[in-house]
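A.B. asks: Listed below, chain by chain, are the residues.
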Amino acid sequence: MTDATVRVEHATRTSRFGTVLWIVLLVVLASVPLWGDRSDMRLLSEIFAYVALATLWNLLAGYAGMISVGQQAYVGLGGYLMFGLAIYGGVHPILAIPLAGLIAAVLSIPVAGLLFRLRGHYFAIGTWVIAEVFRLLASQISALGGGSGTSLPASIVIAMAPGRQAREVMMYGAMLLLVAAIVGACVLLLRSRYGLALTAIRDNELAARSCGVDVARTRLLVYVATACGTTMVGGLIFLQKIRISPDTAFSVNDWTAVVIFITVIGGIGRLEGPILGTIIFFLFRQTLSDLGSVYLLILGAFSIAVMLISPRGLWGFLSDRYGLQLFSLARRVRHRS
Amino acid sequence: MPAILAFENISKRFGAVVIAEDIDLSLAQGEALGLIGPNGAGKTTLFGIATGTIAPDAGKVLFEGQNITGLKPERRCRAGIARSFQVPQPFDGMSVFENVVVAAAFGTGQSEHGVYRGCFELLEKCGLADKANRTAGALTLLDRKRLELARALATQPRVLLLDEVAGGLTDEECAVLVELIKDVRQSGVSIVWIEHIVHALLAVVDRLVVLHGGRLIANGEPEAVIQQPSVQEIYMGIPADG
Amino acid sequence: MAEPLLDVRALDAHYGDFQALFGVSMRVGAGQVVSVIGANGAGKSTLMKCIAGLIRSRRDAILFNGAEVGDVPAYDMVARGVALVPEGRRLFGSLTVEENLLIGGQHGRPGPWSLARVFDLFPILRERRNVAAPSLSGGQQQMVAIGRALMANPDLLLCDEISLGLAPAVVREIYARLPDITASGMALMIVEQDIVQALAAAQQVYCLQEGRVVLEGSAASLTRERIAAAYFGVRSAQGSHHGAA
Amino acid sequence: MELLNILLQGVLVGGLYAMFAAGLALIFGVMRLINIAHGDFIVLAAYLSLIATEGLGLGPLTSLVIVVPLMGVVGYALQRGLLNATLGKDLLPSLLVTFGLSIIIQNGLLQVFTADSHKLSAGAIEVATIKLAEGLWVGVLPLVQFAVAVAVIAGLHLLFYRTALGRAFRATSDDPTVAQLMGLDNRKVFAWAMAISMGVVAVAGVFFAIRANFDPSIGPARLLFGFEAVIIGGLGSLWGTLAGGIILGVAQAIGAHIDPGWQLLAGHFAFLLLLLLRPQGLFPKVFG
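Protein chains in written order, with the working numbering: chain A, 2 to 338; chain B, 5 to 246; chain C, 422 to 666; chain D, 660 to 947.
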């Protein structure tokens, strides 16, 4: 049996098409600043932010089986770290983003140490307690406006880049780069041996242990990586808003409820789910925007229905039925005897 | 040469029901040991204690002379103890091939690409090559048992613990399984095999142990153990004088 | 024989994709004691679960008191008069001995079996009535499991592997009590690996092997050799059993 | 003496947290489910009581006569109609469905009652106080509320250990399959457990509405207090949840004394500290 006879393919017919699709999409999106106006860029940035947050939450809950309802902790942390570093650290806001991610990664290790003592439902609510602690601590920091929050001083905003358009393009580019990096990192992670370990743990933790997978270390790795990514997205979100307060930074509805509904409706446990889910969410919100917050109620009801009827979401349903895969993550073994 | 795997005064009870009572049992390097006994006799629990998924109330588990009683299951697997589960535990959402790759990559510590070819050859040996890309959740019970065996072998174990892998097989399938286990023995792997299909067991093992009510009631040459009156009475209820 | 209390007709049973029973047919008359023997994995417990309603099967595959009950759920079978002593006893860990017995009768039927009568049958339980179930010995737990089923005053008591994990002396002590149970006219179906007790207690015997009835007859008419052959699945004169399996 | 007063306030509010926790512990004990919308149902009960008092002119305490059975029916229907379908090996469905419910209730209440806060007035009792000792006063209402909390927990304990329904809960929790052999239909047993849990939620909701301002968005905070009391008290131990509630109440009272902004934080820190020291909680599991 020579080596040549056994080949493992990551790509499938549709995923080759998918790879082309993503490249084209990236090129088009990168060109938006050339022809798009400020509101186009702002809307797209918001879409990128939700794709990134949903992809990260999906990695944590859909792949590693750690269902958190507290990721708003890191979104808010990102915002506050970015404000802190920019205002008091004199760091350029864009550079403050990766720095905030690093700080959050280190901080998330002791937090994980506490949270991993809880299992299942208890872990979920434990993450909510952590988010509340972050929110309450933030409202104690008078230097950043305490309970009512603060704004990024005009001097820092202006110093970011010469001219308003340049600033818009910089922030848009940063968010596009971040979401591409996060989704790309997930693809690489899932194609690596850690990706195998993650899905093995999700499917059957006991069997994964018996196959030599170090469950605790893998879970910690995913939790820290997700915390880092979520923090960076949070930083960029609040850089664009240039205003932050404990209630907006750590909002359950904006940064957890919507993200969970997006992932569940789109398709949990698949990389394409959050992307499809975000598109559906924004179509939903634009059409129902005049109804005020009732759209959140409808979104909640809709995601409950999806959860009960097709727990694998829209993309799960489509890919099971038509074998669609837009990311080449498969490990299909080809063999010529 | 110390026994490759040894139980020393192992005791375990769930509530008042005794599962293991001061059990001493050791497996020599390269030996194949059969383990039989009526249901609920504690056989599968012994495997749980050997692989670290169940903690004994008392006693020690030794691997190549070292005490591994406190070692986590994943460390024991990497040390060379592999196990197939009585009730198959596949990674449902992953393909058969991916199931085996997980065991090979993490059981031996090799890189993922390094184990691809070995995994495919293993699937061929276990009769699963044609189902390599199928999701494990959709397999029939018999194929899931084969996958259990393939995954255990993929970790390149020094000690292989088999838990009723022959149940439900036809005679032909049983013969194929026996040959496969004999091959595994040739490569120097020591085996402990829990099985109810006694004739399959007898074709492979050097020694037979009977466990009942948490105690070893027989331990020796297979044919002699089967004829032993106390085994007959316990195992099948035929009275000792019968 | 008059209309049988229990009539199993060509019952098939599946665990997901794995078929455990192939066209099993058997009958139990009112007040009769029937034993079902067979090696491990022969489908004995599956048969019991089908009759007790834990596994749903074809509506007409099982008749009880003349009614088709194949698809009746377990929680409705108790009221119809079928009670199962499950394999491995499975007492309720957070309930005391007395509570385990009381819950047995909670949705049962009126009849002779009450707390007092169960304590008469197994006196040791009267002393240990307020003890939590897990702290009993294996034999005592088996007595509670049987008492729990009796409290429902069934017409048919299904006993699944009473001897499981018990010392032979304890098994003999429990089987010695069965006549007191059948004296009240209750039918008994015993599933056992322990052939001696199963044969001694029963009038009719069925032997299951790999999901099929391979031997059927009155206890007296069956010789040890025929039972051992059927029991072990050793190729008897009729050639291989496996056919299309 | 002032410290004593603070501790006393903490203990008394602990009774309310224990009632938040008792409903959670009951459901988790019987069917391993956590209702993420538990806090929002407490707020729903508060609004039902608001309707009963303003609409029918009843006093808040008398409104219990309507709100408790009503919430019981809501609980039974919720379990039979929706939550039974989410039970199973994977905890994602039940968690996501109850999370969705939480969002639906909050936004539903927002539509009907707008975002401004309300408070039920229980009349003179709110201001009546009793002098325990020189300089140590305690409000009659907090005392009544604590007594009710103890009574509710005692009632639940009696229900669990002295009644047939309680036996059914524990048996179904131990072994749902064999419980069916006893003639128990799991779906109904779980529905009764949720009905009783919602009954306790109703009592908690009404007393909370009398004690403090409430608006549609404060449900989750109640869930977290209840959850923390359950964990501090130990999983599934009813009396443990009372102790857990008291410890949480005292921690918050001390925090508030140091700095008003630190009230909630002190409670969370007490929870996290205890989680670190004794992951399985103070009181070992009593039932289920």
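Honestly, the hints are just simulated from the structure, not real lab data. For clarity, every value in this text was computed on a predicted model and none was experimentally measured. Glycine included, C-beta positions come from ideal geometry on N, C-alpha and C. Worth double-checking, as some hints may not be accurate.
Short, incomplete list of chain C residues facing chain D, as computed with Cβ under 10 Å [said to hold, decoys possible]:
#1 F439
#2 F443
#3 G444
#4 M447
#5 D497
#6 G514
#7 L516
#8 A570
Covered stretches of chain D (chain A as the covering partner; in silico rule of three or more C-beta atoms under 8 Å from a C-beta of chain A) [stated by the list, open to error]:
#9 719-728
#10 854-868
#11 878-885
#12 913-924
Away from chain C, derived, C-beta distances all over 12 Å, residues of chain D [stated by the list, open to error]:
#13 G688
#14 L824
#15 M841
A.B. asks: Take the hints in turn and mark each one as holding or not.
C.D. replies: For each hint, the structure was consulted:
At its closest, the beta carbon of F439/C sits 19 Å from a beta carbon of chain D; the interface hint therefore is violated under the 10 Å criterion. Taking 10 Å as the C-beta contact cut-off toward chain D, the hint placing F443/C at the interface is violated, the least distance being around 24 Å. A hinted interface residue such as G444/C counts as satisfied when its beta carbon comes closer than 10 Å to some beta carbon of chain D; here the least separation is about 26 Å, so the hint is violated. Below 10 Å, beta-carbon pairs count as interface contacts, and M447/C has none with chain D, the closest being about 21 Å; its hint is therefore violated.
Below 10 Å, beta-carbon pairs count as interface contacts, and D497/C has one with chain D at about 8 Å; its hint therefore holds. Hint status for G514/C relative to chain D: holds, with the closest Cβ pair at about 5 Å, below 10 Å. The beta carbon of L516/C comes within 6 Å of a beta carbon in chain D, closer than 10 Å, and the hint placing it at the interface holds. The restraint placing A570/C at the interface with chain D holds, with a minimum CB-CB distance near 8 Å, inside the 10 Å limit.
Check on the stretch 719-728 of chain D: 0 of its residues sit with their Cβ under 8 Å from a Cβ of chain A, so the three-residue criterion for coverage is violated. A count of 0 residues in the stretch 854-868 of chain D with a Cβ less than 8 Å from any Cβ of chain A is obtained; the coverage claim is therefore unmet, three being the minimum. A stretch counts as covered by a chain when three or more of its residues have a beta carbon under 8 Å from one of that chain; for the stretch 878-885 of chain D and chain A the count is 4, and the coverage holds. As drawn, the stretch 913-924 of chain D meets chain A at 4 residues by the rule of a beta-carbon pair under 8 Å; at three or more, the given contact holds.
A beta-carbon of chain C comes within 12 Å of the beta-carbon of G688/D; the shortest separation is about 9 Å. The beta carbon of L824/D sits about 10 Å from the closest Cβ of chain C, which is not more than 12 Å, so the claim that it is off the interface is violated. Its beta-carbon lying about 5 Å from the closest one in chain C, M841/D breaks the requirement of being farther than 12 Å from that chain.
In this structure, the earlier hints numbered 1, 2, 3, 4, 9, 10, 13, 14 and 15 are contradicted, and the remaining ones agree with it.
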